Amino acid sequence: MQTAKHDIAVSMTGISKRFGPVRALENANLEIARGSILGLVGQNGAGKSTIIKVLAGIIKPDSGSIVINGETASTLTPASVEKLGVHFIHQDRLLVPTATVGEAVFLGHEIGLGPFVSRRAMERRAADLLKRFFGMELPAGTLVKDLTTAQQKVVQITRALAQKASVLVLDEPTAALVKREVDSLFDVLRRLRDDGIAVVFISHYMQEIEKLCDRVTVMRNGTDVGTVDPRQTPIDEIISMMIARDVGEMFPKRSVILGTPVLEVSNLRLGGSFENIGFNVRAGEIVGLTGLLGSGAKEIVQCLFGLKTADGGEVKVEGRELSLSTPVKAVRDGIAMLPEDRRAHGVALGLSVRENISLASLRRYSRAGMVSRGAENQAVDSLIKELSIKTPHRDALVRELSGGNQQKVAIAKWLSCQSRVYVLDEPTVAVDVGAKVEIYNLLNRLAGEGAAILLLSSDLLELVGVCDRVLVVYRGRLAGSFSGPAMNSDALLAASSGARSNADGVAA
Amino acid sequence: MSVSANDNAAKVSVRGFLAKYSVLIAFAAIVIFFSVASPTFLTPANLFNVLVNNVVMLAIVALGLTIVISSGGIDLSVGVSVDMASMVFVMLLAAGYSGVVGVAGGLGAALIVGILNAILITRLNISPFLATLGVLFIGQSTQQLATSGGQPIYLTSGYAADQFNAIARTALLGVPTPVIVLIVLAVAVHLLLHRSVFGRYVQAMGAQPGVAWYSGIRVPRELSMVHVLCALLAGVTGILLSATVKSYVPLSGNAFLLDAIGATFIGTTLSRERKPSVIGTLLGVLLLAIVKNGLLLVGWNFYWQQVGIGVLVFLVLAASFGLRRAAH
Amino acid sequence: MSATVLHTEVGVSDEKQAAAKSAGRRFGALVVRLGAIAAFAAIMAYFVIFAPGFTSTFNLINVVEQSAILGVLAYGMTAVIIGGGSDVTEGGIDLSIAANMGLCAAVYATLLSMGYGDLLSVLAAIAVGMAVGALNALAVVGLGILPLLATLAVLNVAAGMELTLTQNTVVGASSPLLGVLVSGSFLGVSALAWALIVFSAIMIVVVHGTSFGLRLYAVGGHPEAARAAGLSVPFYVSFTYVLSGFCAAVASILTVSRLSASTPGSGELLLSVLAAALLGTVFSRRFVPTMGGTLLSVLFIGLLANGFQLLNVSSYWVNGVQGALILLVVAITSFARGSEGSR
Numbered sequence: 000m001q002t003a004k005h006d007i008a009v010s011m012t013g014i015s016k017r018f019g020p021v022r023a024l025e026n027a028n029l030e031i032a033r034g035s036i037l038g039l040v041g042q043n044g045a046g047k048s049t050i051i052k053v054l055a056g057i058i059k060p061d062s063g064s065i066v067i068n069g070e071t072a073s074t075l076t077p078a079s080v081e082k083l084g085v086h087f088i089h090q091d092r093l094l095v096p097t098a099t100v101g102e103a104v105f106l107g108h109e110i111g112l113g114p115f116v117s118r119r120a121m122e123r124r125a126a127d128l129l130k131r132f133f134g135m136e137l138p139a140g141t142l143v144k145d146l147t148t149a150q151q152k153v154v155q156i157t158r159a160l161a162q163k164a165s166v167l168v169l170d171e172p173t174a175a176l177v178k179r180e181v182d183s184l185f186d187v188l189r190r191l192r193d194d195g196i197a198v199v200f201i202s203h204y205m206q207e208i209e210k211l212c213d214r215v216t217v218m219r220n221g222t223d224v225g226t227v228d229p230r231q232t233p234i235d236e237i238i239s240m241m242i243a244r245d246v247g248e249m250f251p252k253r254s255v256i257l258g259t260p261v262l263e264v265s266n267l268r269l270g271g272s273f274e275n276i277g278f279n280v281r282a283g284e285i286v287g288l289t290g291l292l293g294s295g296a297k298e299i300v301q302c303l304f305g306l307k308t309a310d311g312g313e314v315k316v317e318g319r320e321l322s323l324s325t326p327v328k329a330v331r332d333g334i335a336m337l338p339e340d341r342r343a344h345g346v347a348l349g350l351s352v353r354e355n356i357s358l359a360s361l362r363r364y365s366r367a368g369m370v371s372r373g374a375e376n377q378a379v380d381s382l383i384k385e386l387s388i389k390t391p392h393r394d395a396l397v398r399e400l401s402g403g404n405q406q407k408v409a410i411a412k413w414l415s416c417q418s419r420v421y422v423l424d425e426p427t428v429a430v431d432v433g434a435k436v437e438i439y440n441l442l443n444r445l446a447g448e449g450a451a452i453l454l455l456s457s458d459l460l461e462l463v464g465v466c467d468r469v470l471v472v473y474r475g476r477l478a479g480s481f482s483g484p485a486m487n488s489d490a491l492l493a494a495s496s497g498a499r500s501n502a503d504g505v506a507a
Numbered sequence: 000m001s002v003s004a005n006d007n008a009a010k011v012s013v014r015g016f017l018a019k020y021s022v023l024i025a026f027a028a029i030v031i032f033f034s035v036a037s038p039t040f041l042t043p044a045n046l047f048n049v050l051v052n053n054v055v056m057l058a059i060v061a062l063g064l065t066i067v068i069s070s071g072g073i074d075l076s077v078g079v080s081v082d083m084a085s086m087v088f089v090m091l092l093a094a095g096y097s098g099v100v101g102v103a104g105g106l107g108a109a110l111i112v113g114i115l116n117a118i119l120i121t122r123l124n125i126s127p128f129l130a131t132l133g134v135l136f137i138g139q140s141t142q143q144l145a146t147s148g149g150q151p152i153y154l155t156s157g158y159a160a161d162q163f164n165a166i167a168r169t170a171l172l173g174v175p176t177p178v179i180v181l182i183v184l185a186v187a188v189h190l191l192l193h194r195s196v197f198g199r200y201v202q203a204m205g206a207q208p209g210v211a212w213y214s215g216i217r218v219p220r221e222l223s224m225v226h227v228l229c230a231l232l233a234g235v236t237g238i239l240l241s242a243t244v245k246s247y248v249p250l251s252g253n254a255f256l257l258d259a260i261g262a263t264f265i266g267t268t269l270s271r272e273r274k275p276s277v278i279g280t281l282l283g284v285l286l287l288a289i290v291k292n293g294l295l296l297v298g299w300n301f302y303w304q305q306v307g308i309g310v311l312v313f314l315v316l317a318a319s320f321g322l323r324r325a326a327h
Numbered sequence: 000m001s002a003t004v005l006h007t008e009v010g011v012s013d014e015k016q017a018a019a020k021s022a023g024r025r026f027g028a029l030v031v032r033l034g035a036i037a038a039f040a041a042i043m044a045y046f047v048i049f050a051p052g053f054t055s056t057f058n059l060i061n062v063v064e065q066s067a068i069l070g071v072l073a074y075g076m077t078a079v080i081i082g083g084g085s086d087v088t089e090g091g092i093d094l095s096i097a098a099n100m101g102l103c104a105a106v107y108a109t110l111l112s113m114g115y116g117d118l119l120s121v122l123a124a125i126a127v128g129m130a131v132g133a134l135n136a137l138a139v140v141g142l143g144i145l146p147l148l149a150t151l152a153v154l155n156v157a158a159g160m161e162l163t164l165t166q167n168t169v170v171g172a173s174s175p176l177l178g179v180l181v182s183g184s185f186l187g188v189s190a191l192a193w194a195l196i197v198f199s200a201i202m203i204v205v206v207h208g209t210s211f212g213l214r215l216y217a218v219g220g221h222p223e224a225a226r227a228a229g230l231s232v233p234f235y236v237s238f239t240y241v242l243s244g245f246c247a248a249v250a251s252i253l254t255v256s257r258l259s260a261s262t263p264g265s266g267e268l269l270l271s272v273l274a275a276a277l278l279g280t281v282f283s284r285r286f287v288p289t290m291g292g293t294l295l296s297v298l299f300i301g302l303l304a305n306g307f308q309l310l311n312v313s314s315y316w317v318n319g320v321q322g323a324l325i326l327l328v329v330a331i332t333s334f335a336r337g338s339e340g341s342r
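Chains as they are written, first to last, in numbering that gives the first Met the number 0: chain H, 0 to 507; chain D, 0 to 327; chain A, 0 to 342.
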């Protein structure tokens with residue numbers, strides 16, 4: 000890929016940024032060419048989002064220079080960057096929930112006469128744009144909060160397009176999209192590229208990078224370690240540029256001795272979500288559960304923790320039948336849950352490590368309703384040590400911990416409860432590789448101690464690497480159970496998309 | 000480079016220190032100021048007067064609000080709880096019932112207010128602000144209807160009434176009875192909020208309700224308890240109030256609301272995370288009481304006192320929030 | 000790194016489900032809205048049939064006049080809630096608005112009674128009102144104090160200053176302007192009613208017809224999104240508090256004209272102002288505060304009091320019914336939202 004000087008839309012050179020003692024960026028460079036799609040990859044913490052925030056004018060770099068469309072930009076603010084034609088599609092859907100699609104698309108650039116706006120004109124224009132770029136028939140008077148996640152993403156991209164972006168930066172844009180929408184998004188991006196727009200595409204999904212990007216810049220430890228053509232470079236090579244370690248080490252091996260069934264589910268059903276679900280998880284076993292968005296896999300997990308009440312069926316833990324109507328009962332019956340939304344449900348950021356860890360098991364350290372600090376401290380300290388949670392002190396706020404360590408606190412909460420069944424809902428989302436490995440080790444250890452583990456995940460490599468067996472849910476039914484050599488990501492993908500079912504002979 | 004970083008760190012920590020101790024610093028400054036400005040300020044007689052007349056009743060209401068605010072909620076109807084307890088207590092005594100019946104009836108009335116709040120919040124999922132605002136409206140209406148538009152009820156005589164009035168005005172071992180009531184309640188609420196399992200659950204609900212729910216805590220039950228306790232504490236104030244003044248004046252409880260909220264939030268500036276605490280709340284109440292009394296002693300009338308209190312609360316909040324923001 | 004992650008292959012069932020869910024939610028919201036409006040309509044119908052003279056032009060104009068003060072204040076409150084977001088503990092709220100009106104009324108009446116002219120007195124009242132609003136803005140935007148707390152402190156300051164100024168007495172006032180407001184009329188509609196009509200029209204146009212209003216909603220609805228769209232969130236939030244102060248000043252002139260004096264106790268209006276601004280959300284498809292919704296609920300509160308009066312029901316019921324209505328509306332709303340099953 001050769002790019003002449005005038006084809007460079009944005010050139011960032013020698014960017015450095017420190018946060019206290021932490022080097023977020025160290026002499027990092029990023030060059031974005033017109034008429035091409037640049038992939039930007041790297042682990043969490045590699046500096047991807049920091050360099051993007053520098054470009055967005057949200058973070059001021061300590062040193063380095065930025066040239067946008069041939070002009071050296073001295074101080075960038077979010078507003079000035081937008082004026083220069085650089086637009087960002089953030090990972091969070093930055094849309095006003097109570098606005099209509101038309102209002103959301105044109106916020107800040109309203110259509111109207113003088114100070115007055117014409118909502119009808121905005122809605123018509125927005126509908127036109129949606130149809131033109133995405134072939135989407137969306138009444139532009141719909142409220143943003145009534146849209147699906149994917150539709151909201153599309154509205155956000157439309158918003159940038161409506162403002163005639165010359166550089167478009169997309170941060171993990173496909174995370175919530177279904178396949179068809181991903182395809183049409185890619186078509187749009189290619190069309191934009193052909194129109195001469197510079198596109199930056201940040202993604203964790205390597206096959207998307209391969210499919211879409213003309214070049215890919217890899218970041219590691221706050222600097223750019225190389226820019227390659229993804230079509231001529233094997234994915235493995237790009238991944239090894241991102242991490243200094245071999246991919247094979249990620250999933251620690253273990254030897255399993257399976258015990259008796261601890262969690263027994265039979266004939267479980269929930270109207271509109273799933274039916275006739277039955278499976279066992281034995282002591283020491285890690286069972287994976289996967290399925291597409293809307294397949295019902297998520298709802299199964301929610302029913303097991305009493306977050307939703309099943310319409311029928313049986314759930315037994317160690318032979319005892321449970322009535323799971325609220326989390327209160329689930330916890331009492333020895334079920335532990337690691338929720339997907341860590342900040343909303345997993346750990347209370349404003350409480351200390353100690354308070355979080357002991358929250359579910361407080362009765363153990365109390366007498367006559369009063370907490371015994373000594374017993375609590377002892378238990379908490381030993382868990383902090385056991386899980387090697389990196390915290391300055393047991394009374395430090397969880398907010399001050401890294402994502403991986405927060406997740407470990409959330410797990411420690413249940414360890415102190417001595418739960419028999421662990422239900423984990425996407426436990427490694429937004430956790431960096433190092434912490435992931437630690438979490439996998441922890442799962443292995445829990446299993447080794449005789450716990451039954453059910454792992455809901457959409458990361459197929461993770462499932463194959465960690466689980467003894469993986470159950471696939473397709474349209475509300477178990478579409479297959481895979482173990483041993485039959486358990487590979489191709490088979491899981493095929494089963495979850497309905498292309499193939501059944502490996503071990505599960506009645507579906 | 001490293002020098003400026005150190006410098007910065009020092010600045011930040013000075014600001015952090017000021018932010019953290021703004022209440023204590025303000026407190027000390029105010030005590031010193033009034034001691035100099037008014038010779039009577041530091042006399043035992045005056046301090047006694049402040050304690051009994053300005054601190055006790057407000058503090059008990061504020062204790063209740065401390066629990067509610069810890070749980071992440073608010074109770075705008077504390078005044079109604081005060082009034083209802085006061086009204087039923089006085090009505091029962093006026094009708095010739097014994098003191099025990101009067102107290103039980105008064106607390107029962109407050110309990111009803113608390114349960115009503117609890118039902119609205121936990122069963123009907125109304126936000127605490129709106130639920131208790133609605134109860135405040137209804138409570139005011141009820142009082143007006145029950146007293147034909149707000150006529151006070153006076154306890155003219157009667158054994159029980161005099162007895163209570165006497166108790167309210169006597170002292171045990173030199174400590175006035177109401178103060179003893181306050182100390183007992185404050186210690187109890189402190190233990191409950193900061194040492195008990197229930198208190199920990201309250202803190203968790205206040206920090207992140209979702210986490211509490213996902214940890215198997217019976218959030219609706221604990222939240223109901225929170226609102227009932229708050230109403231009961233306000234009810235105690237209602238009874239103390241009518242025992243002291245030997246009457247029930249409709250809608251008088253509302254006067255406590257703003258001061259109690261102010262005191263609780265002044266107290267939150269003591270903690271890094273701006274969490275309410277019993278000690279902080281008591282300090283807040285004391286601060287408000289001393290300023291009111293001090294302003295009176297230096298010759299400010301009732302009206303100027305209100306301005307003074309407003310300015311003071313504003314400054315404490317500004318110091319706490321503003322310096323913290325600067326420190327970040 | 001996760002190289003293989005599931006993307007929905009077909010996604011049809013998912014999309015259908017989402018569409019059904021969204022349709023269900025919209026339907027639920029519609030039911031709530033219609034239900035609440037039907038409840039309001041039923042109460043009105045009852046008054047129309049049973050309250051003598053309820054529908055007479057004289058009576059209705061009387062209600063509009065009575066509602067003018069509440070309405071102007073409620074617009075200020077509504078603007079603050081729009082710009083600050085409707086989260087009740089963290090969001091925008093101006094508890095000082097009624098006390099501010101009392102202070103402005105005191106300033107206005109005192110200046111008039113000291114012999115100053117209308118122009119100067121009105122300007123002074125407006126300056127005071129906006130200054131109090133600016134103080135709120137400074138506290139909330141500049142110092143980052145929670146609006147609930149900041150305006151609570153300012154409430155005390157304003158109320159105390161009013162008391163200091165008037166010594167808790169009634170300050171009589173008369174002036175040419177007040178004369179016009181009291182007895183002037185145009186097209187058979189009194190000046191006070193005109194004041195509400197004109198003020199309402201301005202507010203509705205500004206908030207719902209201009210890009211300024213649209214941006215104000217964005218700032219309150221999702222500050223991050225507003226910032227990302229290049230809007231200055233502090234400016235808009237500050238503006239609402241100053242506007243709220245301005246509304247307090249305008250209302251103060253109306254109240255002085257109505258009573259021919261400034262009187263203590265204006266703080267009691269606060270609850271009605273809050274009720275009007277909160278009840279108004281039920282009239283909006285998006286369940287957000289709107290100026291039109293606020294106007295309707297102000298008139299509704301006015302008609303409620305008036306109907307009770309005509310039916311010889313004790314006015315002490317009015318507060319209670321207001322409270323019960325707030326609870327009813329909010330309970331139904333939260334029920335409609337909760338039935339989506341998202342806990």
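Bear in mind the hints are in silico, worked out from the structure with no lab data behind them. Since the model is a prediction, treat every value here as computed from it, not as a measurement. Careful, some of the hints might be misleading.
DEER-style ranges, computed between Cβ atoms [unchecked claim]:
| # | chain 1 | residue 1 | chain 2 | residue 2 | range |
| --- | --- | --- | --- | --- | --- |
| 1 | A | Arg284 | H | Gly113 | 25 to 33 Å |
| 2 | A | Pro233 | D | Ile118 | 48 to 56 Å |
| 3 | A | Ser182 | H | Pro138 | 16 to 24 Å |
Chain D is faced by these chain H residues, among others (derived, beta-carbon under 7 Å) [said to hold, decoys possible]:
| # | residue |
| --- | --- |
| 4 | Ser324 |
| 5 | Ala343 |
| 6 | Ala347 |
| 7 | Gly349 |
| 8 | Leu350 |
| 9 | Leu358 |
| 10 | Ala359 |
| 11 | Leu361 |
| 12 | Ala367 |
Using N, Cα and C, we set each Cβ at its ideal position, and we do this for glycine too.
These are the hints, each one checked on the structure:
1. Arg284/A to Gly113/H: 25 to 33 Å: 26 Å, holds
2. Pro233/A to Ile118/D: 48 to 56 Å: Between Pro233/A and Ile118/D, where Cβ atoms are some 40 Å apart, the hint is violated.
3. Ser182/A to Pro138/H: 16 to 24 Å: 52 Å, violated
4. Ser324: Where the cut-off is 7 Å and the nearest Cβ of chain D is about 12 Å from Ser324/H, the hint is violated.
5. Ala343: 4 Å, holds
6. Ala347: Hint on Ala347/H: holds, closest Cβ of chain D at ~4 Å, below 7 Å.
7. Gly349: 4 Å, holds
8. Leu350: At about 5 Å, which falls below the 7 Å cut-off, the nearest Cβ of chain D leaves the hint on Leu350/H intact, so it holds.
9. Leu358: 5 Å, holds
10. Ala359: It holds, given that the least Cβ distance between Ala359/H and chain D is near 4 Å, below 7 Å.
11. Leu361: Hint on Leu361/H: holds, closest Cβ of chain D at ~5 Å, below 7 Å.
12. Ala367: 9 Å, violated
Hints 2, 3, 4, 12 from the list above are not met by this structure, while the remaining hints are.
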